[in-house]
Amino acid sequence: MEKKSFKGYIYLLPSIIIMICFTLYPLVRAIVMSFLGDYSIINGSYKSIGFDNYKDLFKDPDFFKSLRNTSIYVICVVPASICLSLLIAVLINNCKKFKAFFQTVYFLPYVTSVIAIGIVWRWMFNSNYGLINYALGLFGIEPIQWLNRPEYAMPALIIFAIWKSMAFNILIFLAGLQTIPEDIYRAARIDSTPRFRVFTRITVPSLAPMIVYSSVIGMIGAFKVYNEVFSLFQGKAGPANSAITIVYYIYDKFYNSYKYGVAAAGSVVLFLIILAMTQIQLRVTGEKKKN
Amino acid sequence: MTTKRKVINTVAGVLKYGILIFGAIFTVLPFVWMISSSLKTPAELVAAPPSLFPEVPQWENYKTAWAAAPFARYFVNTLIVTLCTTCGVLVTTVLSAFAFSRLNFPGKKTVFALFLATLMIPGEMLIITNYETIINLKWIDSYKAMIVPWISSAFYIYLLTRFFMQVPESLYLAAKVDKCSDFKYMIKIMVPMNKQAIFSIAILNIISSWNAFLWPLLVTNSQEMRVLSNGLVRFQTEAGSSTELIMAASCMLVMPIIIIYLFLRKYIIEGVTRGGLKG
Amino acid sequence: MDIRIENLTKTYGNLNAVDHMSLNIKDGELVGLLGPSGCGKSTTLFMLSGLTTPTTGKIFFGDKDVTSIPPEDREIGLVFQNYALYPHMTVEDNITFPLINRGVKKPQAKEMALEMAKVVKIDQLMNRKPGELSGGQQQRVAIARALVKKPQVLLLDEPLSNLDAKLRVETREEIRRIQQEVKITTIFVTHDQEEAMSISDRIAVMKEGVLQQYEVPQTMYLNPANIFVSRFLGTPEINNIEIDVKDGVITADGVELRRGVSLADGHYKAGVRPESFHVAEGGISLGVEGIRMTGRDLLIFSKFGNETIRVLVHSYMQVNPGDKVEVSVREGHILVFDDADKLIGRF
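Residue numbers (this note's numbering), protein chains in the order written: chain A, 1 to 291; chain B, 1001 to 1279; chain C, 2001 to 2347.
Next up, chain A with everything else stripped away, as it sits in the complex:
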């Protein structure tokens, strides 16, 4: 118990090997690669060392478009998903019957392959035969070219993403709601607090840590969006690259254009963004612990 021995490392060995080979080494390697001009992963050759890749990156209008799209995506998906999830979670929590049923239903998207269900959404967004345009037609709205017109590509992607991301948030909020003591609600009832006030003054503040957590996790996830784009636009980034995201940009540079250095530089930028988000999360949860 008191004696330290290196025996612990025998238990850790498999994890450490995997971590070094497939997490730490590639991290360092990606940073190094981002400074190698015209790098080729086939034979390891490169033409220059320096900031060429970063210069290329920041000269590329597509990269800025990907940054812009990703930001729009984050700003639309995360708050919308959080608000809707909060509403649904509170309503589910208030249900006496069917609680388990609703919980099961609403969590379904979380376990589903994005690729497969994205294909289904693609079919539902179909401008001629899609279910969505049909439903809109019932309200007299003209068919929308969801997947074929650049201006509708992002909205389609965002609708799909909100559908997909709500499951996790609802689950976290439901778990959080269950930790609020019933007595607080009883007290509020005796004080004849209106329902809406109970929601804004008791429920939401009690859930604040979960809301912050879900927001940060949601933002980190949203910055890394890729599979949703790939499946909704059948491997493309929407018409005329209108729905290109950072990760899509990186993979495109890497897998289709063979610009490994530029892809690595893009991934370093992504890493820095994620790191900043994580710092915010740590700061916020740290505050919570202090209080």
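Worth double-checking, as some hints may not be accurate.
[To be verified] In silico lysine to aspartate or glutamate, DMTMM-like type, Cα no more than 20 angstroms apart, as pairs:
(1) B/Lys-1179 - C/Asp-2073
(2) B/Lys-1179 - C/Asp-2093
(3) A/Lys-7 - B/Glu-1169
(4) A/Lys-4 - B/Asp-1182
Worth flagging that the hints you see were computed from the coordinates, not collected in a lab.
Given chain A, work out where chains B and C should sit, using these hints.
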């Protein structure tokens, strides 16, 4: 006064269930639509107004889709990769979590912090260089390329360490007095006591392995090595406008996980919640 | 198995959790380690078990120095405060666990487990899981698990603290019975003086890592080595008063308590137990400030000098607050301590 309250309560109740049911329909609609489309005839697919259910379910769509591409092979590949990855994850996770929660070794805190720090690295960033590693190892188009990089997860290690830490230390001391070695203690006491948590981790990993898309796409070239999600995307391109077949193929990818989910819901929800509330 | 502890010290940082402790325990004795929390009694027990390594000092089991022998090879049975039963195993599996670890074959292990279960009277519960047992039953399982490997020494850490009051009395008698039946040298840790006195052959009282007194319970109660021990043993607590001695007469607060004692003149600290008073005409007159009925006795609170003192009288005595009672102290029941709080005599 009381009638007014009654009315408010009724309206609130109707509104509550109304929203919940509407949301539930919105949530399950893609699944329903997928299944229904997969059983329709091409004419029914493009009919206006669209019907919710096909007049005669076209079960042969599945047969046609199954035969149109080597889905059986994809299925086996996915199963192999999923099971091997999950077994690997369980072994490394249990070993590491035990080391972090019970054993005392120099640099323990540093190593644990390092494991946690890796959670901040976006996997998307590592894919490029890991791809290079796989090429250098000449592992392209092999099962191990799809399995080995994923058999250890800092997140699951963190999760299980927290479960293991809840086991009172006196149990460990008691086992020690009872002449029980560390390894035996791990196998006989820690693992059975936390079997639910370990089971949750296993299911979560099965789901993520099954749904994995980009990595298997990158490291495989040949049709024989493809997994379901890659095969589905390829089939989508090949089948072109045969939407009913594409939907049937999508069902084949989605349904096994949904069935697992419906049966083992408790463990999945428990695992995600525990992992989610780590803050 | 005799146990000899020599100069045992355990230091954490600059704190001596156990400070140069020496103790001899005879074969087959039941010894209670008694003291307030943080006094080092549990640390001592864990050093005896081998789970904690002493900073200095030695432990002998018989003639064998076991100080550096790991717990699993010390032939000890250890019962934890929270019992530390393996929750996913049945009672039988819990009891056979140490045997199978030691290479005993399964059928034989089961037989030994059943035998031990009969001793602690849980043989009806062999197929239950710990979660389905009451606290007292869990305690018995833990004892059975500790004893089944036929250890030379049994160690119990606060064995009764997780039980409710009634079960405590019952279980401590059980521990005594089992200990007598198995005839095993047993050491248990407790902070409850009544528990320690009722079943121990000897008690070791500790304070801040230092052994205060090691004695047979009755002797220790009558002759506490110092004020700390006198206060720690007995409820209600002993009354501490200040006395003056002049020409062989003990007075307190101007009242004469005893004549003809052979003590040097001076000022002393003294202790008088609440039950050392008896009602006597012409004794010390005490004003009754409050009464508490405890059942067998009636506890009277009274002002004596600046102190509130406690006096036990028979419960059938009729007194009310405001009354006066006249009492005197039984012969030999005034404990007199010196400046270093050490007992120097009973008068």
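Comparing the hints with the structure gives:
no.	hint	in the structure
1	B/Lys-1179 - C/Asp-2073	holds, 8 angstroms
2	B/Lys-1179 - C/Asp-2093	holds, 15 angstroms
3	A/Lys-7 - B/Glu-1169	holds, 19 angstroms
4	A/Lys-4 - B/Asp-1182	holds, 14 angstroms
Every hint from the earlier list agrees with this structure, and none is contradicted.
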